[in-house]
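Given these sequences and hints, build the entire structure.
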Amino acid sequence: MKLAVRDLAFGYPGKRVGQGVTLELGEGEVVCLLGPNGGGKTTLFKTMLGLIPAQGGEIRYGDAPLARLAHAEVARIAGYVPQAQTGYFPFTVFDVVLMGRAAHLGPFAAPGKRDREIAREALATIGIERLADAVYTRISGGERQMTLIARALAQQPHILVMDEPTASLDFGNQVRVLERIQSLARAGLAIVLSTHDPDQAFLVADRVAMLHEGRLVRLGPPAETITPESLKLVYGVDIAVVEIAAGAVTRRVCVPSLSPRRRSTPPGPTH
Amino acid sequence: MSRRPLLAAVVAVVLLIAAVILAFAIGRFPISPGELATLVWAKLTGSAHGLPPTAETVLFQIRGPRVVAALLVGAALAAAGAAYQNLFRNPLVSPDILGVSAGAALGAALGIFLSLDLWWIQGLAFAWGLGAVAAVYLIGQAVRGHDPILVLILAGVVIGALLGSVLALLKYLADPYNQLPAITFWLLGSLAATNLGDIATTFVPVLIGLVPLWLLRWRMNLMALGDEEAKSLGVDVVRVRLAVIGAATLMTAAVVSISGIVGWIGLLVPHFARLLAGPNFTRLLPTAVLLGAAFLLLVDTLARTMARIEVPLGVLTAFIGTPFFIWLLATARRSWQ
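These protein sequence lines are chains A and B, in that order. The opening residue of the first sequence carries number 1196 in the numbering used here; numbering runs sequentially from there. The opening residue of the second sequence carries number 2 in the numbering used here; numbering runs sequentially from there.
Worth flagging that the hints you see were computed from the coordinates, not collected in a lab. Everything numeric in this text was worked out from a predicted model, so none of it was measured. The beta carbon of each residue, even a glycine, is placed where N, CA and C say it ideally should be. Heads up, a few of these hints could be off.
[Said to hold, decoys possible] To spell it out: a stretch of chain A is covered by chain B in this simulated footprint if at least three of its residues, at any positions, have a beta carbon under 8 Å from a beta carbon of chain B; those stretches are:
1) 1257-1267
2) 1290-1297
[To be verified] Not close to chain B: a few residues of chain A, all C-beta gaps over 12 Å, as computed:
3) T1217
4) E1222
5) R1381
6) L1428
What follows is the structure, given as structure tokens:
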């Protein structure tokens, strides 16, 4: 299932956040969305999912325009991993993951044995079976993020839209999530994720989209899009992109150009 | 905390049975559990029971209807409260806080004022209850930039105050010999005057309200995630919300029209039910129904027997509910997370 966004304007009535966004996402592809804080990444995602109405342009899932799809139909195609919030009632992790089955069930139905199995598989895929009985509001931010990814997998979607999936994670969990993203893409899922870390785009993305003042200013393979010039444009700071040898492969990493820190000298006697 | 479904069910059922036995066993004419069983058995089989005929009259004409009414009112208010709390993602809302009770009270008082019969009183209570919750909800939507929970509660207070002043006007205009005492008595909340006919008229709307809540029981969990997340998971948020508000308001209005204003049940009971059964609505709803029935019956038994004259039910629940609410306000953030 292909997601196609054409000349999309997004935002809220009276407050346009961005426009002219054209983007395609194909099977097994990982697209990484980079942009500054408050740059409209979340608003763009919500618009792509039909959670807030588009202010112009077109979004198509396969052959169907988004406007003609019911929420349940969209939810069977695209799973959303929002930034983890805590304002829930104290559901168990398993209950939260099971909620991913809603789009596959009628309005009056409760999940059955098969749905429970799918939820359990989703927990296993993410590697958090041990958390099944834990209370969602009492686990760490990283564990919550993992739970929401598992919930999106329980939707059995073709496309995964992830809003800063690594934002609240420690380094180990960040790498674990990136590994998951890779293996899910290999299994055929199309994934679009936003991140604050351009290095992650080098690690997992097939293509990078850079959002600046509501427009996609760069779109293409990471090596071509993530450059000192584009990083300066989007983030307003000087960042060098260097190649390093990591074992047999060479990788690109971003290095902020801070002046080297001087050792502080003890204060001398004052006169 | 939420992994003990069996325990929750057992506790709720035992409490309910205990409350029923207690309600019959104390009062001006006590009926022991043994006598209760004998009388019910005799009624069912048509055989003789060998107990004084007064016992039968008390059971089937006086105490019985009142017990059934208490169970019905408690169950309906608790179920409505649990539904509102999930829907508004907020453990501090209840039919009282959202202005439903105040609206229903005004509607019912209007019915009494116009000397209408019970069906009309229920209809007016429902219409005004629904209008009140709609107004509160719209204010909550319109006023942005504050804590939404706070706005919802304050909107409920404001709408409640407005409806209260209209009610005061109605009392001022009412006939002081017939209507005013009826309205006043009814506003205090009481089950003393319930008869079998009232119960029959109330049972149907309560059932009609309970059915959609039960059918939507699992989907209600998703409503507690908030609109956007629920939509992203495929829930038709608008339709579910309309159905649930309609159902919960219907139940509230139906019971308010026989019991008068009995506050706090819809706030207190769902909270205890959540402590007992966890937040999953599939278990929360039945637990709240059973606990609500048991709790209101216990309070009504107390209202009937604690003093020489009967204490109005609404007054008693307020005395229990107010300190509870303050405690909840102080600790809520912790206890619901």
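Each hint, compared with the structure:
Counting residues of the stretch 1257-1267 of chain A whose C-beta sits closer than 8 Å to any C-beta of chain B gives 3, which meets the bar of three, so the coverage hint holds. A count of 4 residues in the stretch 1290-1297 of chain A with a Cβ less than 8 Å from any Cβ of chain B is obtained; the coverage claim is therefore met, three being the minimum. No Cβ of chain B approaches the Cβ of T1217 (chain A) within 12 Å, the least distance being about 23 Å, so the stated non-interface status holds. Taking the minimum C-beta to C-beta distance to chain B, about 21 Å, the non-interface status of E1222 (chain A) holds against the 12 Å cut.
Residue-level check passed: R1381 (chain A) sits 25 Å from the nearest beta carbon of chain B, beyond 12 Å. Residue-level check passed: L1428 (chain A) sits 31 Å from the nearest beta carbon of chain B, beyond 12 Å.
Violation of the numbered hints given earlier is absent; every hint is satisfied by the structure.
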